[in-house]
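Protein chains in written order, with my numbering: chain H, 1 to 266; chain P, 1001 to 1294; chain Y, 2001 to 2340; chain B, 3001 to 3195; chain V, 4001 to 4788.
A hint or two may mislead.
To be verified - Straight-line C-alpha distance at most 25 Å; calculated SDA-like pairs for lysine to any residue:
1) H:248 to H:62
2) V:4304 to V:4265
3) H:248 to V:4275
4) H:257 to V:4670
5) V:4697 to H:257
6) V:4473 to V:4554
7) P:1239 to B:3149
8) V:4697 to Y:2159
9) V:4023 to V:4164
Calculated from the structure, these hints are not laboratory results.
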Amino acid sequence: MQALRSKARELLATKTVQVIIGYASGGGGRARAVFVREAAKADALVFDDSCQQNLAVYFSKPEVRKLGKAALVATPAALRAILQLAAENQIAEGELLALAVGGDDVVPLATFAAIEAHVAARDGDWSAAEKEELQKYEAMGLEERRRFWEEQFSRCLKCYACRAACPLCYCTRCTVECNQPQWIPVPAHDLGNLEWNVMRAMHLAGRCVDCGDCGRACPVNIPLHLLNRRLIREVFTVFGSRSGRSAKGDNALSTFKPNDPEDFIQ
Amino acid sequence: MKTGFYPGCSMKGSAREYSESLLAVARVLGRELPEVPDWNCCGATAAHNLDHDLALALPARILAAAEKKGMDEVLVPCAACYSRLKVTRHELLEDEKLRQRISGLVEADYRGSAKVVNIIEWLAAVPDLEKLVKKPFQRKVACYYGCLLVRPAGIVEFDRPEEPQSMDLLMAKLGAKPIDWAFKTECCGAGFSVSRTDLVAKLSGLILEDAVSRGAEAVIVACPMCHLNLDLRRPNIEKRAGKKYDIPVIYITQVLGLAMGLPPKKLGLQRHKVAVKFAPAESPVPGVSAKRGA
Amino acid sequence: MNSMEKDTRLIGREALAKLFAQWLGEGRRILAPKQSNDKVDFAEVETPGEVSLDPVQTGQSPKGALFPRVEELFSFPSRDGRVELRERDLAALKPTVVFGLRPCDAAALAALAAIFNWDSADALFSARLAALTTVGVACNRCDEYCFCTSLGGGPGATTGSDILLTDMGGGEYLAEVISEKGRQAIQGAGTLFQPALGKDKESRLARVEKAFDLDKVKPALEALFDDEAFWVEQSLRCLGCGACAYVCPTCACFDIQDENGRRLRCWDSCGFGLFTLHTSGHNPRPLQSQRWRQRLMHKFSYMPERQSVLGCVGCGRCSRACPVDMNILEHLRAVAEAKP
Amino acid sequence: MSGEKHAHPAAEPLPGRVLEQTGVDVARCYQCGKCSAGCPLAAEMDYPPSQIMHLLQLAGEFPEFAEMALRSHTAWLCLTCEICYCRCPMELDIPKVMDALRHEALRKKKVNPKAKDILAFHRAFLDSVKHTGRLFEMGQVVDYKLRSGHFLQDLLQAPWMFLVGKLHLLPERVRDRRQLKRIFARTLKARENRP
Amino acid sequence: MARIGVFICHCGENISATVDVVKVAAEAARIPGVAHSVEYKYMCSDPGQQLVKNAIKEKNLTGVVVAACSPRMHEPTFRRACAEAGLNPFLCEMANIREHCSWVHEKGEATTQKALDIVRTLVAKVKKNKALEPIKVPVTKTALVLGGGIAGIQAALDIANSGHKVILVEQAPSIGGHMSQLSETFPTLDCSQCILTPRMVEVAQHPNITLHSYSELESLDGFIGNFKARIRRKARGLDEKLCTGCGLCMQKCPTRKIPSEFDAGLGLRPAIYVPFPQAVPNKPVIDREHCTYYRTGKCRLCEKVCPTQAIRFGQEDEIVEAEVGAVVVATGFDIKHGDFFPEYGYGKHQDVIDGLQFERLASASGPTLGEIRRPSDGKVPETVVFIACAGSRDPAKGIEYCSKICCMYTAKHAMLYRHKVHHGKPYVFYMDIRAGGKMYEEFVRRAMEEDGVQYVRGRVSRVYERNGRLVVKGVDTLLGARPLEIEADLVVLATAGVANAGAEELAQKLHVSYDAHKFYAEAHPKLRPVETNTAGIFLAGACQAPKDIPESVAQSTARRRRFILPASAASSARAPAPTRPSRRRSSAAATGRWSRPWPRSTRACARAAAPAWPSAAPNRSTSRASPTRRSMPRFWPCWNEVNAMADFNPKIVAFVCNWCTYAGADLTGTSRMKYAPQVSIVRFPCTGRIDFMLLLKAFAGGADGIIVSGCHPNDCHYSSGNFHARRRWVVFRGLMDFLGIDVRRVQFSWVSAAEGAKWAQLVNETTDRIRRLGPFADYQRLRGQGVG
C-alpha cells in the first residue's frame, strides 16, 4: 500500500499522469473508486481484498477521460480488460499507465506489450471454487436449470447495473435502446428479462474478461457472471482463444477458421 | 480373430479337391479352420429362384450358427455360397424388419457380427505369402473370377466388378504370369450345369477359347461351380465347339499348394477331369487321361 | 386524524397470526419482508412466521405494491382490422396489506401519490392506493446509510402507516392504530389485542442521528446548479445504472410501452443516458454529472417546490444498492456544506 | 416377401408388386438396352432383359404384357450373373426383378413350359436340402432325372466321379433336420400351398 | 395508415391445384392494412401486371404483395410494374406460395392456411418497408474475362470493340481453348482453326485488350463496378519481351517425349514448348515437371541456343493487381477422362479414344496430319464404332444430365471418317438423337443418308480386345433387343462433358454458386441466364453447362450488352442497402481495420456477436433481405389458435440464406418433393445476418422448433458469413443449454442451391424431432408472465 501511494505521489508530482484511478475506503467495509489528482491526496489510496471493482470501466466515461492521462490501479481482470479494450481500439497505446497491484507490490506497466507479458506470466486456470460453482449448475438437469434461471431472471429489474459495471459494455447505444422498433422489450417482465440477459451474455461472448463485476453489481444478486463464464469456457474449448490476453487480434466471434467444428450442423 | 469355415455342399462332394487343397494349405499356414457347426446348404441358385425368404433363411441359419460359436468371420471358398451368404448379411443388416422376420424363421437372433470373406480376401490377408513359395508356379494363367466374387459390386465390395485384379496379384505372388484376357468375369453357365448343359457348353466354351487363344496354360478358379462347368463339362464344351481344349482348370488353393511344394495328390489334382500335365511328375493322376472325352 | 383519539394497544405473536388469517379470510393479500435466497424483499405471505424483520431494510422498497415494475394500463386487442379498447378492471384489484414496512417507506407513499396525482389523478395508482393498508413496523435498529431524521422523519414516525407496530420485546408489539383504514383492518379482531397500559415505544426505537441541515440543502442546490465542476466531482464514480432509482421508494419515472395489444407502464430512471434523448437527437443531459445533479435536484428542490413534498425519505437503500458505493448522505452533506 | 405383404395379391398391378418386393422402380428404365447387350443368354431368351423391363413398364395398363412377362422363358433362363445390374446406368437390380417374376409365376402356376427342366432341377435341389440339410449330389441328380425324364444324361459321368471320389453314395446330414423342415414349411411350402 | 394490395396468382394450376386461392384472397382482404386483395390466373402476364398497376393508381396503394412464385423468379418483373405505376419498387414483395407451398405440400386446408400465413408475413414486412432509391457507385470501366476459349475470346473482343478495356486471363500457355483443338465444326463443317485463329490474333493485337496467358486468378474482392483482381502470372521461364518465338529452343530441347496436351495425348511435345503453332502468344513455356534442368540441375540447352538470351530459369510467379468493373467467367468445360469406363476399356486399350482425341486425329494440324489412323499401330481403321452417351445420362457413373453436344459431334465424326476413309464402316450406338438447332437435324440425316453411317439404337455393354481388334458387344433395341457384336478397329467414346477440375475452387474465389456437378449457376435459368447471383459477374460458354460453339458465342455477345449497360454509365445503380450511418461511438468505427468496401455494424458488441453483417454489402439489396426485426413479432398471427389444437402440429420457423438454402428450397418445389407444411421460411441475405435474437423471437412468437440453414462452408456469397455464423451458433448452443433450453429445438444445417432433396429431408426430420419433443410451452408461457 505504501509502495502504491509513493508511486502515485511520484507519478502525479512528475506529471507523468494527471490522475490516479484507484481504490479508497468506502462505506460498510467496501472499497470505492477514487480519482486522485494531487500528490498530497495519494494517501487516500488503499489496496486490499475488498478492492474488487474493475476500474477499467471508467475508461469509457467521458468525464473521467477528460481528467487527462491516467494511471490505473489494476487487478488482473482490469489488466485483461485494458488489453481487450485495446484490441477493440478503445484505448490507444500510451493513453494510460497500468499500476498492476498484488500484495504489497506495485508494477507500473506503460505499454500493451508489458501488460500482455504481465498477464501471461500470471495467467492461470480458474480456481477450484470457481470451477465448482459452474459445475454445480451444469450438473443440474436441463429442466432444473431452466427453472433456476427462470426464477433468477424473474427478479431482474432491468436496472442495467450489470451493463454499467462492465468495462466491455461501452456502446453508447445498447441494443436494448434500439427502439425503432423495440428489439428487446423494455419492461422487466419474464420474456424481456430473458431476452436481455441472453443478449448481454451473447454480446460479451469472446470478449468478456471474467472480472465478475456484472454479478457483483446486481442489486438483486443474480449470478450473471456464470453466463459469461460458461461462454468463456465454450469459446476456449472450441476455438482455443481467451479474450483479454492480447492488445491485437480479433475476438473469437469476429473471426473464424475454415475448419471450425460443425458436428452439430446437419 | 476367430475364422470359421463354411465348406458348402460341393466341397464335400464334386469339389472335394478344393476343400482338400484349402485345408492342406491352411495347415502349412498354421491356420485353423473349424467348420461352422451343423452347417446346412446355402440354398444356392435354387432357393432364390423359388422363394425369397427361404433364400435368406438358409444362409441366415449358417451365419447365426457361426455367430453363436463366436466366429468373427466365416471363410466361404465357394463363390456361389459366398454370394448367398454375403447378400443375406447385407439385406438383413439393411432392413431391420426383415432381420427380425428371418431371425424368427431360423429360431436365432441373427445380429450380423460375423463377416463373410471369400478365398481371395482370406489369402490376400496372409502376410508375406510370397515367402512360402518354394516352387514358383511359372505358368501363364488366366484368372477366372466368374460372376459372384465381384458382383453385385455394391454388396460384395471386394474387387471392382470390371477388370478385377485381386486374383491376378495373388497369382503373381506365387510366380505365375497372369494374362490379360477378356473373360475374367463372364458367366460360365453357373447353375445350369445339370439342367441346361447346352448353355453351359456354350458359355464355358467362350471362356476357354479366349483363355487359350491368349496363350494361357491354365485357368484358375475360386468356385466349384465354375470348375464343374469348365472341367467336368469339358466333353460337352468340346463337342459343341468341335475342337479339343487341353487347358486344365485349377483351384486357386491348388496353385498355392503346388507353389508351396505340397504333393499334387494332397491337393486333389488327380480328381480333375482335365489333367494338370505340368504338375510335378511324382504325382501320377490315375485314370484321368483314359477317361478323357468319355 | 386529529379528530381521532390516539388508539394504542398491544398484540402478541400468536394473535398476529390470527390477524393474518383474518386478513386472508377477507380476501386481502399480505405483502411482507420475506427471505428468499440471500435477499429479504416484499413478497406474499400467509403467516407472521414467514415475515423477516431482521434486516434494517429490505433490498427493494414496497413501492411495487402501488407502482409495479410492469403494469398493464389498458389493452387494445385487434381482430380483422378492428381495434377494441379494454380498460383495466379496477374493481378487480385485490385489497392488499403491506405489513412490516418501515416508517420511512410509509412516508414515501405520500411522495409517490404526490407525483401520480399531481395535476390529474392516476386512476390505476389511486385504485391501488385505495385498496392498500399499511401496517408498519418501527425501527429498532439502523445503519450508517439511514438518515430519516435529517428529513423530518424518524424510526417511530407514524406518517403513512395505517397501523404502526413497535416490537416491545418478549413477543409483544405495541400497535398504534392511526387511520380509518387501520381501524377497518382490525375490525372484529378486538379480542386479539390487549390494552397498552401506558407502554412507551420510545425506548425501543433506533437512534438515527441528524446528519445535515435540510434547510440548507434546497438553496444550496439551486446555487450550485451551474457549478459543473462540483457535479462532475460529485459523480465521477457513478456509472449511470438504474439501481438507485429502482430500489428507491419514491422514484416514479416510468416508460410507456405497447406490446402485443397491451399498453404497459414500466419503471425507468433519469440516471440512464438516453432518458432525456429527444426525437431530434438532442440530449439535454448528455453527461452523467448532469444526470446525478438531476437526481438530487428533483428530490430536494423540484418536488418540494411543485408537490410540496420531499422526494427522499432517508431510507438509504440507494446507497446500499449502489455498485460503486455512491452514498447519497455524503453527497447531501457535500451540497449542504458547499460554498458556491 | 412376408406373409402379410401378399394379403391382397391381386389389388396391386404387377409393376407395383415388383416395386414392393424388390425395391426396383421399373419406370426408371429408359430402355438403353445395355442389359440386353451384356446378358450372356440374351440370344436364348424370348424377351431380353430390357424388353422384360419394358413389358413391366406397360404391364399396369396392359394386362397382356404382364402375362407375357410372367410366362416368359427369360425369367427362368436368367443366371443371376448380375452383369446387367452391374452395368445398368440407372442401377436397376434386374436379377431381383427376375426373382420376383419367377416367384410370381410359380405361385400363379404360369411357369413357362420350356423352363420345366430348370424348375425340376431347382425342386430336386431343394428337396435334397429339405431332407438332409445339405445337397446330396447323387440323390439330387437321381431325383432330377426322375422329375425331368432325362434318364440318360450324364450317365457316363457318374461312375467316373465316383471313381475319383467326387460322388458319395450316402448323404451327409445336418443334425437338426427338424429345424430345416420347419424353415421350409414356413417359407416355400407355405407359399406354394397358397392359392 | 398502410394501404397494401395483395395479388394472388393461380399460376395456371400450379398454385390453385393445391391452394384455395379464392379463400386466400378473401382472407387476405381482412388483414389489417390490406386495402385490396384479388386473385388472377396469371399474375405475371400483361393483363396480370396491369391489374397491379391499375390497383396502385386507383386504390392509392402504399405497398404491394404478389403471392405467386419465388422472388428469384419474378420479383424484378413486379417491381418494375410497380415502378411504372409510380410506386417505389422496394415497396413490392413476393410471397412465395408456389415453390415453398403449393408444390411441396398436398392439397388441403393446411396448405391453404400456410399460403395465407406466407401472405400475412409479407404484408407485415411490406408495411415496414421503406421507399428506397438505388445507390450510385462509380464504375471501373474495365472488364476481366477469365478463360481464353471461344467464349472468352468473343466476350473480350465484343467488349473491347465497344471501347472498354479488357483484361483476358487464360491459364494455358495459349488462348484458343478446346475450339483450337477441333478439326471441323458442325453443322457447316468449316475449319475450326480458320474461324478461330484470326480472332486469337485480334485479341493479341487489340489495343483495348491486355492478355495474361499462362495465368490464373488469385483472388477477387469488391463489388460490381469496383472489383479488385489479383492475377498470378505463372513463370514461363523466359523473358517474353526478348523471346521472338523463333522456336529454336523447342527444336533443341532433349526431352521430347511428353504427351502433348493439345493433341489430347496422341502427339508428343518437348519440355519447352508452345501448345500449337498458331498459339497466341507465340512464346514457349518451360514445363518444369519434365524439363531436364529442373529435374537434374543440368542441361540448360535452350538457354545456350536462344538467340536473344530470353530464357530465365530462375523466374518466379508474378502477381498482377487490376481494378475491374465486371467479370466474365468463361472458363469452359472438360470431358470426362480416365478409368471411369472399364467395361469399354477406356484408358486400357489405346484404340478406345475420346471425342477430343478423334478431333485431333481428324485435324490437319494433328499428329496424323488429318489422316484417320488408330493410335495403337497407325493403321487406317476399317470399322469405327462411335458410342454416344459414354458417361452422360448415366447416374451410375455420376452424371444424369445430357451433355448436349455429343449427338452432333458424333455425327460429325462419323461423317469426317467417311469423308477421309471412303470404304470405312462407321457405326454409331445411340440412345436418342438430340439435334435441336438450326440445320442440326438435317446434318444428322445427312450422316445417315449421304454418308452411310449406321445408327444402332442401343447402348454398348462391353468393349474388349481380341486379336488386335475391338469387340463391341451392343444391342439393337429396335430389333427385339437382340445382342449384336461388331469387330471394330477403333472405338470413339463421346464421353460426358464435365466441369473443369478447378471450377469449384474458382467459384469459391468469385463467390458464385454452382450446381452439384460444379457447373456455374445462373441467376435465373430463364430470365437472367448470363448473370450469376453476384452482381457484376457474368457467365459465358460451357462453364455453365456443356454448350456448342454457336451457343457460346451468342451468349458471350449477350454478356457484352450486359456489361456495356453498367459500364457506359459513369456510375452503376444497384439495389440500395440501408444501414444507418452512426455517429455513435463503437469499436467498428474506431478500428478502421475493416478493409472491406462496405461499412460494418455500428455497434461493437452486436458486431462481436454478429460479425458478418453483410446486409450492408453494397451490391446486395437488403430490401430483399429480410423481414428482419421489424416484422418479426408479427409473424405468426394465426398460430395461437392453431396452438390450441389437441393434435400437436409443431410450428417450425426456418431462417435461411437467400443464396443457397432459399434457392435449395425453391428447387425442392420445382422438383415437386413434398415436406411437412408446418414450416415457415424466412429469407435472409446470409446466415451471418441471422441474429441469435431472431431465434428467441421465433420461440416467443410461438415456434416449437427452428431451422437455420445456409451455404456450405466456402460457398458463402459474402465469403465468410457462414463461417462467422457457425462460430456464433456454437456459442449460442452453449448458452441455450446452460439456460436449460433444449438445443434439439434448433437445427442448424447447410443446404446448397442444388440440394432440394436435402431440404425436404431436413424439414421432415426436424418436424419429427420437434413433434417428439412436444410444444415449447415453457418458453411461450414467458410472454405474458411478470406483468402486474
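Legend entry - Restraint status (C-alpha distance of residue 4697 of chain V to residue 2159 of chain Y at most 25 Å): Between residue 4697 of chain V and residue 2159 of chain Y the Cα gap is close to 47 Å, so the pair fails against 25 Å, i.e. violated.
Legend entry - residue 4304 of chain V paired with residue 4265 of chain V [C-alpha distance capped at 25 Å]: violated, 29 Å
Inset, instruction - Mind checking the alpha carbons of residue 1239 of chain P and residue 3149 of chain B for me, to see if they're no more than 25 Å apart? - result: Holds, at roughly 23 Å.
Inset, instruction - Starting from residue 248 of chain H, check that the Cα of residue 62 of chain H is at most 25 Å away, please. - result: holds, 24 Å
Inset, instruction - Compare the distance between the alpha carbons of residue 257 of chain H and residue 4670 of chain V with 25 Å, and conclude whether the hinted pair is satisfied. - result: With a Cα-Cα distance of about 35 Å, the restraint between residue 257 of chain H and residue 4670 of chain V is violated, given a limit of 25 Å.
Inset, instruction - Take the C-alpha atoms of residue 4473 of chain V and residue 4554 of chain V, compute the straight-line distance between them, and say whether it is at most 25 Å. - result: It is violated: about 40 Å lies between the C-alpha atoms, which goes past 25 Å.
Legend entry - Given hint residue 257 of chain H paired with residue 4697 of chain V - CA-CA distance at most 25 Å: Violated, at roughly 29 Å.
Legend entry - Distance restraint between residue 248 of chain H and residue 4275 of chain V, which requires alpha-carbon spacing of 25 Å or less: violated, 50 Å
Legend entry - Satisfaction of hint between residue 4164 of chain V and residue 4023 of chain V, Cα-Cα up to 25 Å: With a Cα-Cα distance of about 55 Å, the restraint between residue 4023 of chain V and residue 4164 of chain V is violated, given a limit of 25 Å.
In summary, the structure is inconsistent with hints 2, 3, 4, 5, 6, 8 and 9 from the numbered list given earlier, while agreeing with the others.
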